[in-house]
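4 protein chains.
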Amino acid sequence: MTAKIAINGYGTIGKRVADAVAAQDDMRVVGVAKARPDFEAKMAIRKGFALYAANPDAGTKFEKAGVKVSGALDDLARAADLVVDCTPEDSGYKPLYEKAGIKAIWQGGEEHSLTNLSFNAAANYEECLGAKFVRVPSCNTTGLIRTLYPLDDQLGVTDVLAVMVRRATDPGDSKKGPINAVEPELEMPSHHGPDVQSVLPKLNIHTIALKVPTTIMHVHALAVDLKRATTEDAVLDVWKRFPRVAFVSGADGVRSTAQIMELARDLSRNRADLYEIAVWRDGVHVTGGKRLFYFQAVHQESDVVPENIDAIRSMLEIQKDGRKSMEKTDQSLGIGIVK
Amino acid sequence: MTAKIAINGYGTIGKRVADAVAAQDDMRVVGVAKARPDFEAKMAIRKGFALYAANPDAGTKFEKAGVKVSGALDDLARAADLVVDCTPEDSGYKPLYEKAGIKAIWQGGEEHSLTNLSFNAAANYEECLGAKFVRVPSCNTTGLIRTLYPLDDQLGVTDVLAVMVRRATDPGDSKKGPINAVEPELEMPSHHGPDVQSVLPKLNIHTIALKVPTTIMHVHALAVDLKRATTEDAVLDVWKRFPRVAFVSGADGVRSTAQIMELARDLSRNRADLYEIAVWRDGVHVTGGKRLFYFQAVHQESDVVPENIDAIRSMLEIQKDGRKSMEKTDQSLGIGIVK
Amino acid sequence: MTAKIAINGYGTIGKRVADAVAAQDDMRVVGVAKARPDFEAKMAIRKGFALYAANPDAGTKFEKAGVKVSGALDDLARAADLVVDCTPEDSGYKPLYEKAGIKAIWQGGEEHSLTNLSFNAAANYEECLGAKFVRVPSCNTTGLIRTLYPLDDQLGVTDVLAVMVRRATDPGDSKKGPINAVEPELEMPSHHGPDVQSVLPKLNIHTIALKVPTTIMHVHALAVDLKRATTEDAVLDVWKRFPRVAFVSGADGVRSTAQIMELARDLSRNRADLYEIAVWRDGVHVTGGKRLFYFQAVHQESDVVPENIDAIRSMLEIQKDGRKSMEKTDQSLGIGIVK
Amino acid sequence: MTAKIAINGYGTIGKRVADAVAAQDDMRVVGVAKARPDFEAKMAIRKGFALYAANPDAGTKFEKAGVKVSGALDDLARAADLVVDCTPEDSGYKPLYEKAGIKAIWQGGEEHSLTNLSFNAAANYEECLGAKFVRVPSCNTTGLIRTLYPLDDQLGVTDVLAVMVRRATDPGDSKKGPINAVEPELEMPSHHGPDVQSVLPKLNIHTIALKVPTTIMHVHALAVDLKRATTEDAVLDVWKRFPRVAFVSGADGVRSTAQIMELARDLSRNRADLYEIAVWRDGVHVTGGKRLFYFQAVHQESDVVPENIDAIRSMLEIQKDGRKSMEKTDQSLGIGIVK
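So the protein lines, in turn, are chains L, W, U and Y.
Under our numbering, the first residue of the first sequence carries the number 1, and numbering increases by one thereafter.
Under our numbering, the first residue of the second sequence carries the number 340, and numbering increases by one thereafter.
Under our numbering, the first residue of the third sequence carries the number 679, and numbering increases by one thereafter.
Under our numbering, the first residue of the fourth sequence carries the number 1018, and numbering increases by one thereafter.
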């Protein structure tokens, strides 16, 4: 029997999770809830998703706009086994889910304290088996865990300094800037460091963030102190053994995030997404055996999508083995081509 | 028997035409030629296209980079019925095609005088039946013809002023700017006006172009004087009867090119392309009955792709009826959803 | 006796008008009012301007931030002959000015109906002599009047189509976008056309606006139908006879707004401003004798500054002759170098 | 007697050094040499600088463009005591200067090995006294030395990691991108680390660089390990005792480089330059007593200008005391206001 999944919040992450759920054979989308009758809502209907009004006010708006909905969020919650909440942070739907008696996944905009359980498929799939409420950390945090967990697991990490050059807004937004400025996050560490520790509590990490005028990807520059001496090739080998890390190369003409997203489009995936964290092969440097530097790029719109699918399987205990869930998810999404 | 198509030049347009040819049942890709062994070349092989070296120098580069090629451009030309030349302007391959005795299509970077026949499926499909050499005009010119030809055909156009706010470079490029400036094209009219006349020789049109710091789409602001008085609804009806014009709406939240490309990604098409010209429904205005203003957005990377497919069918006389070719092309590419 | 001028609103326009007033010998700044104790407020004090709290709430904020103010806006108003209101639109200070019995100038964010008198030094200086309330239209409107009024005056204008490629926000702002999109103003005509008519009521003009990701200047592409046949040189001669139009040239390497602002910085003016409207000399084209095309660039932060100074002189009848006021203003600001 | 200074290369740096030399009372500009007759050349003449043709080819170009020059670079060299070479890297004028028997300063585009003496006023003024050939390191390197030298001098620095988020091109350029991408410098360390060591040979520093789509400033995120335990206030006190470090504050609304450059414009300096390195006061963080994090912004067009003036005084031994030269330079340029 396929699991019945609801999506609350049909924006950047929500619509991607919906498509990814629809691409699995062990779960299906019973409906998506949205607050505004904009083009994304119309597209949801066109795609065949049952559309629900996220709140009474939304219901009125949909009616006015002539967009037919299948009911209210309450109705959707009752029909589902699990809801993936992709609403803006602090939307406060937890009581509704509790009342409906369904499990729920939140995204990284929420605090870890909302669920006390933050998920990363490679790092703690088994820990989340059967859990009622789980949070998938943000794109940046997930990106950091993707490459740091393998390093810590295989080589031992004593200290991490990550400087995160963040895209300012998503490609589909035209309101936010800056157009021509760099904005450092003056509070330190940025929230990402503690957020990584919500999954990897023993990791010693300091994060620094700056916002720059680009929409397509975040780029992280990392300095990692290792317990065991290593080489650049050995580090690449570590990452090859873990899922959802892809390699790109300046020597192949992939000089910037522009070429990474071009390569992602060439892969003919849904929405031209790149679920993997892209590491520049020729940007990996080891000095003195134990200090590792590397650059990675994060597609902020999609890297958490496979994690959400795995979290569903873990929480609903569809699959007890994390590795097997990841393989299934990755195959369904076309992940693994670029190595 | 399926037509054997070669692609020379596997960049922005070439790789899209290759995928589009591969999506047809009456033609197939016999090979793609490329000059540099970069990530796009590797992706071509991954996609299953036979890769050829576009010139001897390229052959050496491919060998050095360890990228295996199936031969030289000469070999590819001999194996094909028609070559779609997507190389940079003035690459000068015409003699090679003539020697190989194959038909050829060039893109809009070339002058009309190279072929003396410029193609637009809706406007002059029949004129190009059986032609040896044909040119598909540039993205901007094709975009102008897409909406102007229907207007002229149905309502009569006496005068057009088109101001074209052009994207400065494609999303996959990171070298070109400007980052923070607007650059008018001081020569006037810009080359687009005469280029439109290469397909619609009687159209009275003046074009003005400016380059702005964006990568995703061109936007045209048009002022059109009509022979017959009309209304906004009547104009929309005209465009609905012609292919490859899509409507978007500010009222639906599509305020800028950011949301148009977001909508394109939501369509789950290959590379998130938008082959249609997008017209803002609520940006169409008629004053005094005979003066029409409208805005349209052009996805510079892909709008000429369906025209190339139709040009192939016309030149090889696979289909004598332009309407039928367009329908077939559009169905294969998923065009027609957004109306 | 020098006129006592208050500035209410010390942002982009206000701080420039304050500096410009301070540069005159027939008027002086009695104080500037501001709502927030940010770095601009501190800079005002550093410059020696008496700082006032624009409202009671602002007074509290200034006190908390330890920024000493000279009093409230009421106090400032009583000390002044005229206030230049550079507050955001609809700030609603008119009753306060009326109560204080002082004259006032507003900026282009306000509607013409607030004053029923909109000002442009070349066009209607004499009309505003002694007026109580006057409005200086926005940067774009002022830019259009600067070049259109001379054309109409000397050659007769029958019809204008202006397409305005607008900067999205000012250089000092880092919140607003778009970062990578073009946004057309779907309502038509844009408000600029009617706004030009608030000064030049008989001018037949249609304006179209688009917002693009740049911060430094607006660029206008204009198509003007003239009554009398002319030539490109004759048009340049017309503009040379009127103030505040400067010429730049693509042949000199001024290809875009980047080089115009570079040139403005090279002029060593205050804040690197360009008060003139910059017209590309080699972008002026006349077709058929009576149709004129040209491009102009508008420095949105400063082109209205000299108009404000002249408006003060006109309203306080310091100088009855507009030409003489303009000359005095221009000399004080260094205008007139680039011809 | 005032020193006679020639400027070879009148672009971004050259024109600023020319203005700065002209602002001193112990040196004067005897001429500026340029290669192209563009708007900057015309502006040089307008400013009263004698213009020379940088090479024979340039001479021809100037003649064709009708721009009158005072002679060739040879003539200029013979008339000068010292030349400030602001030409593009590897322009190769050293033999010419040697033949003319004049001293020369190069900019950071050149290698340290060209002069074997790299200059920073605070760090090694005395070392360069009387030197024949000196190099002023690049904007980024100078920026790093400005804040690191004081830290090392006062608190002892054991290790530095600097991640440099670089502007992609200068505001006056409209050719270079990226428009929407982040480009890491894959080679590591970036050249800046060794370049800092050309002035501070004992400093242990690793630099990482990324290019982002902005034109106005570089931003550095630094992690510094100190010998002696300190506090945030103590660090700010260290920098206050050294010249050319300015403080800005997010609490004052200076959230990004946009507001820093706005503040610079408010200072009414020549070209709205900011010669100081701007450090965010509320972005300085000390953890564990000995690890310091901070952000600084570098105005790439102007921070080396005062260093060039001091280098002239040191090389020509106009002033033996570096502190006194710096004070004189700073006073002439208006430096020191923002503390």
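Think of the hints as simulated: they come from the structure by calculation, not from any bench.
Where is the CB? At the ideal position from N, CA and C, for every residue including glycine.
Just to be clear, a hint being listed does not mean it is correct.
Computed, partial: chain Y to chain L, Cβ under 8 Å [unchecked claim]:
hint: 1; residue: Thr1175
hint: 2; residue: Arg1272
hint: 3; residue: Asp1299
hint: 4; residue: Gly1300
Just so you have them, the derived chain L footprint on chain Y, three or more residues with Cβ under 8 Å [as the list claims (entries may be wrong)]:
hint: 5; region: 1044 to 1057
hint: 6; region: 1073 to 1079
hint: 7; region: 1082 to 1091
hint: 8; region: 1189 to 1199
How the hints compare with the structure:
1. Thr1175: With a closest approach of 14 Å, the Thr1175(Y) hint is violated.
2. Arg1272: 6 Å, holds
3. Asp1299: Since chain L brings a Cβ to about 5 Å from Asp1299(Y), closer than 8 Å, the hint holds.
4. Gly1300: OK, holds: Gly1300(Y) within 8 Å of chain L, min 4 Å.
5. 1044 to 1057: With 0 residues close enough to chain L, the hint is violated.
6. 1073 to 1079: violated (count 0)
7. 1082 to 1091: violated (count 0)
8. 1189 to 1199: holds (count 4)
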